[in-house]
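These protein sequence lines are chains C, V and W, in that order.
Using the working numbering, the letters of the first sequence correspond one by one to residues 1 to 158.
Using the working numbering, the letters of the second sequence correspond one by one to residues 1 to 450.
Using the working numbering, the letters of the third sequence correspond one by one to residues 1 to 274.
These are calculated hints, taken from the structure and not from any lab test.
Please note that the accuracy of each hint is not assured.
Stated by the list, open to error - One-sided and incomplete, this derived list gives chain V residues near chain W with beta-carbon spacing under 8 angstroms:
id, residue
1, Q119
2, M122
3, E123
4, S126
5, E192
6, S286
Computed from a predicted structure; not experimentally measured.
Backbone N, C-alpha and C define an ideal beta-carbon position, used for all residues, glycine too.
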Amino acid sequence: MASKIVSLTLNGREIEIMVKPLMTVQTLVREQLGYTATKAGCKQGGCGGCTVLVDGEPMQSCLLPVEDIAGRQVTTLEGLTPSDGLHPIQEAFYENFATQCGFCTPGMILVVKALLDRNPSPSREEIVDSLTGNYCRCTGYEPIIQAVSDAAQRMNGR
Amino acid sequence: MTVAEQPLNVVGQSVNRRDGLGHVTGKTVYVDDISFPDMLHLKMVRSPVPHAKINGIDFSEAEKVPGFVRALTHKDVPKNVYTILTLIGVGPDEEPVLAEDKVMYQGEQVAAIVAETEQAAMEAVSRVKLDLEELPAVFDVEEALKDGAPILKDWGTNYFVYDYEYDLQNPSRKVRFGDVEKGFAEADFIVEERYQTSPIEHAPTETTGCIAKPEPDGRITVYTNTQALFFTLDNTALILQVPFQKLHFVGGTVGGGFGGKVDVIVEPIATLAAMLTGHPVRYAFSREEEMRSSSSRGAWRMCFKDGVTKDGRILARQVTSYADAGAYNRHTPYAVTKHAANVAGPYRIPNVSIDAYCVYTNRQPSSAMRGFAVTPASFATEVQMDKIAETVGMDPWEIRFINAYRNGEMRPHQKEVEDATLIEVMQAAAELVGHELSEDYKQMSSGWGE
Amino acid sequence: MTTKEYFLPQSLDEALNILAEHPSVLTMAGGTIAMPLINGGISMPEMVMGLRQAGLDMVSQSNGTVSIGATTTFSQIMDMDSIPMLQEAARNVGGWAIRNMATVGGNLFSPPPSGDFAVALLALDAEVKLVSHKGERMVPLSEFYTGFMTTALEPGELLTEIQVPVPEGQTAYLKYGRRYANTPAVVAVAVHVVMDKKKVKDARIALNAVAPHPIRATQAEGALVGSALDEGSIAAAAAAAAEACEPFTDSIASEWYRRKMVDVYVQRTLARLV
């Protein structure tokens, strides 16, 4: 089998991994490296649970061969979590009950990070438009939208 | 200070979720986040057709797939029947874990393939050849009850036979209260309507799944996202014919259930595979399996006939309901009982007759989902109330205030009303939405403390 | 079987060589169509070729024609101001992450009712460039689709570029899905109308999700040409479009409903031009 060695930066650390042909970023982070915050909800790119950031851009890791992003910067939720305390987006989700079963939460938080990095004060419509690729079956989305507004305020207030 | 007078420290406060920190950091552990180096993967061979006799299964091509470990058929299952109803005192159990001589719905589990990787298991499944002889199928509840419909159950009917039914010509779950014919005769209006709800897929973001792991001391640890941990353990033990203490179920972290993870479907076969291979075995639904083969909310057909006076009082209500259980019982016979107890609605009606049927069709088996059997009833009851209002020419709020049951009154299934609050809730709702109620309705009460 | 080889060519030439040497290779760009099938065990290709690094995502403009590389993503299109209707169509595909991955070329091969971007290209008289070792040829998009999931692409060929003339007249695009966003279409409509004083000189009405592939509603177009663009002519065109299309029933919508919605949405889309 034609495995390849790929270098990339994961959560700020440069790594070198051996990847089997067509292995996805989802399989890499979850199964090979044990970073299980990124979820597998459908493996079809439909639910957004596998969202990671590649050079700050949201992508569905279940559809993304590792080789395609050699040399790039990949961020998972583990990369956002400080060693002490919480990132303001995480605080906002926690305080606003924007998480119930928690399965959609990692994907949501990363998309929100990407949004707020580009647009520090998004309107409600902009928030909704950014999250249309992330599927939640528990909250009805409203607490999540409020959490994003709250997160924006927390981040702007600092 | 009495207990009642002490200040409340938690009630009325906003309390963060205990698991919230795990969720927002991604540290909460779900079944799929657990893995073992020697773990095997189980994928299921499923029936491609809704109703057929199984004449044979050919595994010869599947066995050649690199990574194939073994196949399991019904012959490997010690007690090849899902026992969920037995444990809640409703019988009979009739759904096989793995199909024996026939399949009853498209997607039914026929044989399990265990392999070293998920891809190998999927490929082996695709190479299993099923020799099936298709049989006529039925997909509609009323069609299933007609003469001449293909009979789906070994006991000779397409309906569940309630064990203390007293009318063998009419095998429904019954409620009889007063005399509906008399009520209709005295009514000024008859309001009739048929209501149909859809089967709804729970579609949890996390699919159903488990990992069964043999331990060195002879026990098996099963990591599972079932909503009903001990219930699932008990059923698994009964199916595998092992003492309950052999099994150690670990769970409680569920990535969305909504009633869709109570059917005990994946644990028994995964545990059996673990016992037979000596390896941890993972069996989880793909998204397609979750959508197409896992249970959905049952679809209900509800036929209402109400006799109503010109001042809006319901004198008689007759309901005939059909639950589409799909191919197997699961929890539906229990649901039909709940439905019969609730479909008259929270209303004071002196004459009520309810017949609720649990009907089998060759569709995906239905099962629990939020408000099991009562949410569809509420839909029908409340639309019916609006239709009554329209027919009589009264306001929909008024119709409900007039007919709401009060504490101490008798419900059609012979239970006295306790803790009724419909009137108080409607008064609060009217205020919230800015709907002006007349003084009469503002003064009404459900009869607390009387 | 698990895929045994994954090629990631760094140029078009390399890609063509791989295609020539391994004719059965499965070609993908964004992966949004192929990877779900592979992940689900429905497609089990021995060899796969990914085009993300083959340099086919350049956008340029000259002489009134915009050339869009086949692996240009929808996110890139949303930043491309030269043809606003394409930006609107791109906005209607998937969610943010999917738009960062899915490509304009891939959308031309997606199974119905997908093709919500392709329908806009069809209304703009786009042409596609097909390249092989034998050379290259341009095919109008209206001739590119040959049937249900079949195209004019020959073995050994790759679709490398889409050429779109900057529209002369007015354009409008509407997609009707059952959800607010990230949803398959019940129907998607793209129109391009050129006026000569108060009369319609030329019209293109393209429909998606009501046929085995995106189609032009040619009878409806004919009904408009020569008329004023008003309520009456729009209604006539919409009715003609509804009658001529061949919708299908799927889990999104029934044939009956789709046909009704063609009428409604062609009217609404054309009304935006008035």
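Quick rundown of the hints versus the structure:
1. The interface hint given for V:Q119 is met, as the beta carbon of that residue sits about 5 angstroms from the closest beta carbon of chain W, less than 8 angstroms.
2. Look at V:M122: its Cβ gets to within about 3 angstroms of chain W, closer than 8 angstroms, so that hint holds up.
3. Taking 8 angstroms as the C-beta cut-off, the interface hint given for V:E123 holds, the closest approach to chain W being about 6 angstroms.
4. Satisfaction of the interface hint for V:S126 is found here, the shortest Cβ-Cβ separation to chain W being roughly 7 angstroms, below the 8 angstroms cut-off.
5. Taken as an interface hint, V:E192 does not check out: its beta carbon lies about 27 angstroms from the nearest beta carbon of chain W, beyond 8 angstroms.
6. Interface hint status for V:S286: upheld, as the beta-carbon distance to the closest one in chain W is roughly 6 angstroms, under 8 angstroms.
Checked against the numbered hints above, the structure violates only hint 5.
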